[in-house]
Amino acid sequence: MNRPVRAIALFAALLLTPMASTAYAQGYPNKPIRLVVPYSPGGVVDYIGRTLAQSLTETMGQAVVAENRPGAGGILGTDTVARSLPDGYSVVIMDPAIVINPTLQPSMPYDLFKQLEIVSIVSSSPLVLVVAPDLPVKNFAELAAYGKANPGKLNFASAGIGTTPHLSGEMLKQRTGADAMHIPYKGIAASYTDMMSGKIQFSFSSIAGALPFTKDNRVKAIATTGAKRNSVYPDLPTVLESGASGFEVDLWLGIFAPAGLPADVRDKLSGALTTVLAKPDLKTAFAKVGAEPRGTTPAEAATILKREYEKWKTVIVEGKIKKDD
Amino acid sequence: MDVFSNIALGFHVALSLQNIGYCFIGVLLGTVVGVLPGIGPVTTVAMLLPISFTLTPESALIMLAGIYYGAQYGGSTTAILVNIPGEASSVVTTIDGHKMAGLGRAGPALGIAAIGSFFAGCTSTLLISFAAPPLAAVALKFGPSEYFSLMVCGLIAAIVLARGSVVKAIAMVVIGLLLGIAGTDINSGIRRFTFDFRGLADGIEFVALSMGIYGLADVAYNLQKTEEKAGLVHEIGRIWPSWADLKLSTPSILRGTALGSILGVLPGGGALLAAFAAYTLEKKVAKPPRHFGEGDIRGVAAPEAANNAGAQTSFIPMLTLGIPSNPTMALMIGALMIHGISPGPGVMNERPEMFWGIIASMWIGNLMLVILNLPLVGLWVKLLSVPYRLLFPAIIVFCCIGTYAVNRNPFDMYVMAFAAVFGYLCLKLDCEPAPLILGFVLGPMMEENLRRTLLLSRGDVSILVTEPISLGFLIISALLLLVVAAPFIRRKREEALRE
Chain A
1 MNRPVRAIAL FAALLLTPMA STAYAQGYPN KPIRLVVPYS PGGVVDYIGR TLAQSLTETM
61 GQAVVAENRP GAGGILGTDT VARSLPDGYS VVIMDPAIVI NPTLQPSMPY DLFKQLEIVS
121 IVSSSPLVLV VAPDLPVKNF AELAAYGKAN PGKLNFASAG IGTTPHLSGE MLKQRTGADA
181 MHIPYKGIAA SYTDMMSGKI QFSFSSIAGA LPFTKDNRVK AIATTGAKRN SVYPDLPTVL
241 ESGASGFEVD LWLGIFAPAG LPADVRDKLS GALTTVLAKP DLKTAFAKVG AEPRGTTPAE
301 AATILKREYE KWKTVIVEGK IKKDD
Chain B
1 MDVFSNIALG FHVALSLQNI GYCFIGVLLG TVVGVLPGIG PVTTVAMLLP ISFTLTPESA
61 LIMLAGIYYG AQYGGSTTAI LVNIPGEASS VVTTIDGHKM AGLGRAGPAL GIAAIGSFFA
121 GCTSTLLISF AAPPLAAVAL KFGPSEYFSL MVCGLIAAIV LARGSVVKAI AMVVIGLLLG
181 IAGTDINSGI RRFTFDFRGL ADGIEFVALS MGIYGLADVA YNLQKTEEKA GLVHEIGRIW
241 PSWADLKLST PSILRGTALG SILGVLPGGG ALLAAFAAYT LEKKVAKPPR HFGEGDIRGV
301 AAPEAANNAG AQTSFIPMLT LGIPSNPTMA LMIGALMIHG ISPGPGVMNE RPEMFWGIIA
361 SMWIGNLMLV ILNLPLVGLW VKLLSVPYRL LFPAIIVFCC IGTYAVNRNP FDMYVMAFAA
421 VFGYLCLKLD CEPAPLILGF VLGPMMEENL RRTLLLSRGD VSILVTEPIS LGFLIISALL
481 LLVVAAPFIR RKREEALRE
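Keeping their order, the protein sequence lines are chains A and B.
Per my numbering, the first sequence starts with residue 1, numbered consecutively.
Per my numbering, the second sequence starts with residue 1, numbered consecutively.
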C-alpha cells in the first residue's frame, strides 16, 4: 500500500535534488533543522534530544526542532529520516536499538549501513545492575554464582524484547552460565513494584529509572556497566572490575543522517555538535539522567557503531532471540 | 495535628503569588487541551517540560499537575457537546452526557460535571493529605496476579454496565479485546494482526479508535438524521443545573468520589476503571426512576466525580513510591528527576514544602477550575446553537488534527476512518461502544499481567486463587456474573415451568 506513495516521494526527491544541492552552497544551515526523536516524550532519549536541540539552536543560528515520531521501537522515526534528503536538515537521535533491530528483525524498512550515516556519538551512560532488597548477593560475581547454584530462582526484568536491559541480562546468562528467566515489562519503571516485593530478583536498568529506588535502598544497586565508574554512583564498581572481562554495556546516543551527506554539511554539523557538547551547562544537564556528553568525529562514531552492532549480534544469535517473523 | 501544620506549610507555599500564577497557567492550559480532542495532557506536559526546568521544583510541579487535572475537567466538555471523549476516562460521560445535550440539557450536564469534579477533587486531595502512605502501601501489594484479577473484574463489570442486550455487550467486549491484541506482543516480540502494516506495530492507537467510533460515527449518524428531518436543532434549554438536579446527583457524586479515590491509587488504568465502575454502580444502586443511557444526570455526575478523584489520587503512588500510574505521571517523575529530586517515600520528609505545596495547590487549582469552567458553560452551550452543517466540518477537522498529532503517523487516519465506519454500524445495530473501549484498554494489560503471573509462577495457574487479593477480585467477578445471569436464568426457569 505504501508503494505508490514511496514512488511519488522518490520522484519528488529526484526533482528536488538539484535545487537542494544549490541550497547548501549558500551556507548550511539556512532553514530550520529537524531532529527526530523516535520515542515518546519523557524518556532519556527525548530529554537528551531536546536539550541538544536547544543548545544547537543557539550555536548554529538556526532553529533545531526536536520532533517526536514514536513507534515500533524507534524504527518508524528512524525510517522517516532514512528516507529524507541527505541535506543535513533531517537528522535522528537514536540509542543502541538502531544496531540491535537489524539483527533482531529480519524485515527492516531501511538498511542501517547503506541508508544512514552516523554523524556523532553524543552521549554515553551505563546501565546499573539492581537487585531485590532481600536477595543475598552483594556484587556481580555473587549474583552470577547464585544464579548458577539456584537454577529457576532468578527472574530479571527488562523494558521489552531486544532492549538493552534484556540483552544485558542475556549476556550475563551467556557469559556466566547463570540461570535466569526474562520477564518483559512495558518500560523498566513498571518493574520496580515487583522487584521491591521480591518477585523480580534483578535488572539492568537505566540510571534515570533506577535512581528513585536505589537512593533509599528500596532496591540494591550493585554495579554499573560502563568502562569506568559513573559519577551518579561513584562507589559502585563496574562489572568489568568484578572480573567479567568484556562485559560492558553503554546506552550511547548517536545522531544519524541520511547517507550521502555532503562533506561540508557533515563537518559543519559534527563541528556544531562537538562545540555544544563541550559546554559545561550541557554536561550538568546530561548528568541529571546519568549521561556524559561525548562528541566523536563521524569516523570514530562509525567504528563504534560497527563494534556495537557485532557485540549485540553475538548475544542475539547465541541467545536465539527473535522478533517478528 | 501534624497533618494540619503540614497543610499550613503547603498553603504557605502554594499561596505565593508566583505559585498561584503557575497554578492558574496550568489549569487554564489543562482546560484548553482537555477541550481540544487529541492534544492531551501527556503532549502538553512533554512540551512544557523544558520550560519547567527553569522554574523551582514546586512551581514546575504545581503547573504540570494543574495541566493534568485541568484536562480532566476539559475532557468532559467535548464528550458532552460533540460526543468525543477527550480521554479514555471520559468515554462513560458520553453515554448520558451527550444524550442530555441532545435533549437540550447540555448546560446542566456540563454544570454537574464541573461541580462533581470539584467536589471529588477537593475530597480526594483531603484523602491524599491524610492517607497517602497507607494507600501507597496498598498499591505495592498489587503484583501481576492481582492486576489480572482486577481487570477480569473490570471487564465483567463492563458487561453489567451495558444497557440493553447482554449478548451485544459481551460481543463488544470481545471485539475490544481482539482489537487490543493487535500489535507487537510484549512477551514474544511477535507482531499479531498487523497485516504487515508497520503503523500497527504498536497496536491500534487509542485516540484514533475513539475519535472514529465516537466523534466521526456520531457525525455520520447526525447527518443521516437530518436527511430524515428528525429534528437536529439542539435546543439550548437552561444553562445551570436546577436544585432538583443537584439533589438527585449528590449521592452519585459521593459514590463516584469514593470509588474513584480508591481505584485511582492503582497504577494502570485506575481513573478509567473508576469511571466505568462508578457508572456501573449507579445503574444498580441509584434511586429509581432511572433513565441511564437516555440522559440521566447521575450518569454524568458519578463518572465525572470518579475520574477526577482518580486523577487526583494517582499522585499518591507517584509522589510516595516513585511509581507512575500513567504516562503523564511518568513525565512528572522525569520533571522531578531533572530537578534532582527522586520521588519516593523520602520525598515527604526531605522536601515537605514541595510535597505539601503540590497538595495545597490542588485545592486552589480545583477552585480555579470551577470558577473558570462554570462561566464557560454558557459559552459552550451556545456552540450547540451553531447550525450543524457548520459545526460538523469543524468536528471532522478537529478529529483529524487530534488523531494525527498523537504520533504524526498518517496511518492513524486510516484507522480512524475505519473505526468511524465500524462505529456507525454499531450505532445502527444499537451496540453500545463503551464496553468495547474498556475491553480495548484493559485487554492488553490483562494479557500482559496474566502472562507475567504465569512466567513468574513457572506456569502454575493456582497462584491466581492462592493470593488473597487476587482471589477477592475473582470472587467479586463471580458474584457480578451471577447478577447478570440471575434474571436470565429465572426467566428460563419460568418459561420452562410454564411449559
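Hints were generated in silico from the structure; no laboratory data involved.
Cβ coordinates follow ideal geometry from the N, Cα and C atoms, glycine included.
Take the hints with a grain of salt, since some may be wrong.
Unchecked claim - Computed list of chain B residues with no C-beta within reach of chain A, every gap over 10 Å:
id, residue
1, LEU103
2, PRO327
3, GLY340
4, ILE401
5, SER462
6, ILE475
Unchecked claim - With a straight-line cut-off of 30 Å between C-alpha atoms, the simulated DSS-like cross-links for lysine-lysine are:
id, chain 1, residue 1, chain 2, residue 2
7, A, LYS148, A, LYS199
8, A, LYS215, B, LYS141
9, A, LYS199, A, LYS186
10, A, LYS153, B, LYS382
Consistency of the hints with the structure:
With a least beta-carbon separation of about 40 Å from chain A, LEU103 (chain B) lies farther than 10 Å from that chain, consistent with its non-interface assignment. At roughly 7 Å from the closest C-beta of chain A, the C-beta of PRO327 (chain B) falls inside 10 Å, breaking its exclusion from the interface. With a closest Cβ-Cβ approach of about 7 Å to chain A, GLY340 (chain B) is found to fall inside the 10 Å limit, against its non-interface label. Every beta carbon of chain A lies more than 10 Å from that of ILE401 (chain B), the smallest distance being close to 16 Å; the non-interface claim holds.
For SER462 (chain B), the non-interface assignment is confirmed: its Cβ lies about 16 Å from the closest Cβ of chain A, beyond the 10 Å cut-off. Interface exclusion of ILE475 (chain B) from chain A stands, the closest Cβ pair being 23 Å apart, more than 10 Å. A distance of roughly 18 Å separates the Cα atoms of LYS148 (chain A) and LYS199 (chain A); the hinted pair therefore holds under the 30 Å criterion. With a C-alpha separation of about 21 Å, the suggested pair LYS215 (chain A) and LYS141 (chain B) falls inside the 30 Å cut-off, and the hint holds.
With a C-alpha separation of about 16 Å, the suggested pairing of LYS199 (chain A) with LYS186 (chain A) holds against the 30 Å cut-off. A hinted pair counts as satisfied when its Cα atoms are at most 30 Å apart, and LYS153 (chain A) with LYS382 (chain B) does not qualify at roughly 64 Å.
Hint check: violations occur at hints 2, 3, 10; the rest are consistent with the structure.
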